[in-house]
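Enquirer: The residues making up each chain are set out below.
Protein chains: 2
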Amino acid sequence: MRVSQLVAASGVPLATIKYYLREGLLMPGISTSATQSTYGDEHVERLALIKALAGAGLPIDRIRTVLRLIEYPEASLFQTLGRAIAELPPYLDDADAEDYPLAKAALEKLGQVYDPRFVAVAQLDRALRAAEEVGIPMTDERLEVYGRHVRGIADYDLSLMPDTVEAAVEYSVIGTAVYEPVITALRRLAHQDIASALERPAT
Amino acid sequence: MRVSQLVAASGVPLATIKYYLREGLLMPGISTSATQSTYGDEHVERLALIKALAGAGLPIDRIRTVLRLIEYPEASLFQTLGRAIAELPPYLDDADAEDYPLAKAALEKLGQVYDPRFVAVAQLDRALRAAEEVGIPMTDERLEVYGRHVRGIADYDLSLMPDTVEAAVEYSVIGTAVYEPVITALRRLAHQDIASALERPAT
Chain A
1 MRVSQLVAAS
11 GVPLATIKYY
21 LREGLLMPGI
31 STSATQSTYG
41 DEHVERLALI
51 KALAGAGLPI
61 DRIRTVLRLI
71 EYPEASLFQT
81 LGRAIAELPP
91 YLDDADAEDY
101 PLAKAALEKL
111 GQVYDPRFVA
121 VAQLDRALRA
131 AEEVGIPMTD
141 ERLEVYGRHV
151 RGIADYDLSL
161 MPDTVEAAVE
171 YSVIGTAVYE
181 PVITALRRLA
191 HQDIASALER
201 PAT
Chain B
1 MRVSQLVAAS
11 GVPLATIKYY
21 LREGLLMPGI
31 STSATQSTYG
41 DEHVERLALI
51 KALAGAGLPI
61 DRIRTVLRLI
71 EYPEASLFQT
81 LGRAIAELPP
91 YLDDADAEDY
101 PLAKAALEKL
111 GQVYDPRFVA
121 VAQLDRALRA
131 AEEVGIPMTD
141 ERLEVYGRHV
151 RGIADYDLSL
161 MPDTVEAAVE
171 YSVIGTAVYE
181 PVITALRRLA
191 HQDIASALER
201 PAT
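Heads up: the sequence lines are chains A and B, in that order.
Numbered according to UniProt numbering, the first sequence terminates at residue 203, and the numbering increases by one at each position without gaps.
Numbered according to UniProt numbering, the second sequence terminates at residue 203, and the numbering increases by one at each position without gaps.
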């Protein structure tokens, strides 16, 4: 297809497509003349992926890292997914790069394997510290309940993970970003539903 | 205690305490002279609450709304909690104030009672639309799994809700804000743990 058709098929404006081509995020088409190239389905798919990553809040250099990991995955899928998901927000400054005592204690209680350099360890530590500071610290009981249910969700997520590394990285990064707000909104709505039931007079 | 002791007890700087007094977020102390007032434990507690709300990302006018709901709760706890939690981020512009078809369909499938004006309905709708756009739309199966586990977490949260309205609003708003990042970090770490197990050679 011609670039005008690529614009129509992808919903991405021409100026943005040119920018992605310049930045190397989108692979060049096949030149058919000095000024024209032809594009295929792989360009439409790549643009959808870039759009999804940008929509998840990733700046351009982090999108580039994720795309590179899809093209040149590391030796293990575990490593590749860890590195790709580390490109998602929130972005923590390394200022408090201690050894994350609260997160490590929680992960040990849950019996989980983790890479201590994985950003989510720092995220968890910071969130647990905030909970402590506001007077609702994590307890063993809450950790057990949360850990069990979060694992139920994660087991389901992983059960649908595609077979190829390329598709697996895409599914994991996009799925992580897109379903976090779904889960937090569902929790707020479950609170509301349960509170309404508590209030209803018993019959 | 004197204001200097309130600074020490709360960890909030004097200039910030004066600002909160001017803005009416902190109730005045009892005047002991033309220039001095004395403060009590209720001031230390109020400052801890303001700090927690500010830490959760609430701007000053939203903190004021939450404090007012604690002092003058609505007729029902359900309404009061709904209004208080609506002050938490994310803040959506009302531009797309349609009727949230994806969220409503999901909530009906889950059989939940909800207030359609509750911000979490708009959040859920937006998140479900994003999932659809990136090619990982919500399915009935995923909704069932997520809904069940999120409810397990929410049931636990509500089981610890304090009895008084004041404490309940505080617990709900702070607990919602503080534990959302814990849950999303735990999910990322559960993914990593499960991926590592998938990769380990079977023995």
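Among the hints, erroneous ones may be present.
As the list makes no split between identical chains, a pair holds if one copy fits it or if it spans any two.
With a straight-line Cα cutoff of 25 Å, these simulated SDA-like cross-link-like pairs (lysine to any residue) come out [unchecked claim]: (1) Lys-51 / Ala-8; (2) Lys-109 / Ala-197; (3) Lys-51 / Ala-130; (4) Lys-51 / Glu-133; (5) Lys-51 / Arg-64; (6) Lys-109 / Glu-166; (7) Lys-109 / Val-44; (8) Lys-104 / Pro-59.
If you're looking for bench data, these hints aren't it; they were derived computationally from the structure.
Enquirer: Indicate, hint by hint, whether the structure satisfies it.
Expert: Each hint tested on the structure:
1. Only within a single protomer do Lys-51 and Ala-8 lie at most 25 Å apart by alpha-carbon distance; the minimum there is 14 Å, versus 49 Å between protomers.
2. Proximity of Lys-109 to Ala-197 under the C-alpha cut-off of 25 Å is restricted to the inter-copy arrangement: shortest distance 18 Å between copies versus 33 Å within a copy.
3. For the homomeric pair Lys-51 and Ala-130, the shortest alpha-carbon distance between copies (11 Å) is at most 25 Å, but the shortest distance inside one copy (33 Å) is not.
4. For a Cα distance limit of 25 Å, the shortest separation of Lys-51 from Glu-133 across copies, 9 Å, qualifies, whereas the shortest one inside one copy, 38 Å, does not.
5. For a Cα distance limit of 25 Å, the shortest separation of Lys-51 from Arg-64 inside one copy, 12 Å, qualifies, whereas the shortest one across copies, 38 Å, does not.
6. In this homomeric assembly, Lys-109 and Glu-166 never come within 25 Å of each other (Cα to Cα): the closest approach is 33 Å inside a single copy and 33 Å across copies.
7. Taking the shortest Cα distances, Lys-109 and Val-44 never come within 25 Å of each other, neither inside one copy (45 Å) nor across copies (34 Å).
8. Taking the shortest Cα distances, Lys-104 and Pro-59 never come within 25 Å of each other, neither inside one copy (29 Å) nor across copies (32 Å).
The structure fails hints 6, 7 and 8 (numbered hints given earlier, in ascending order).
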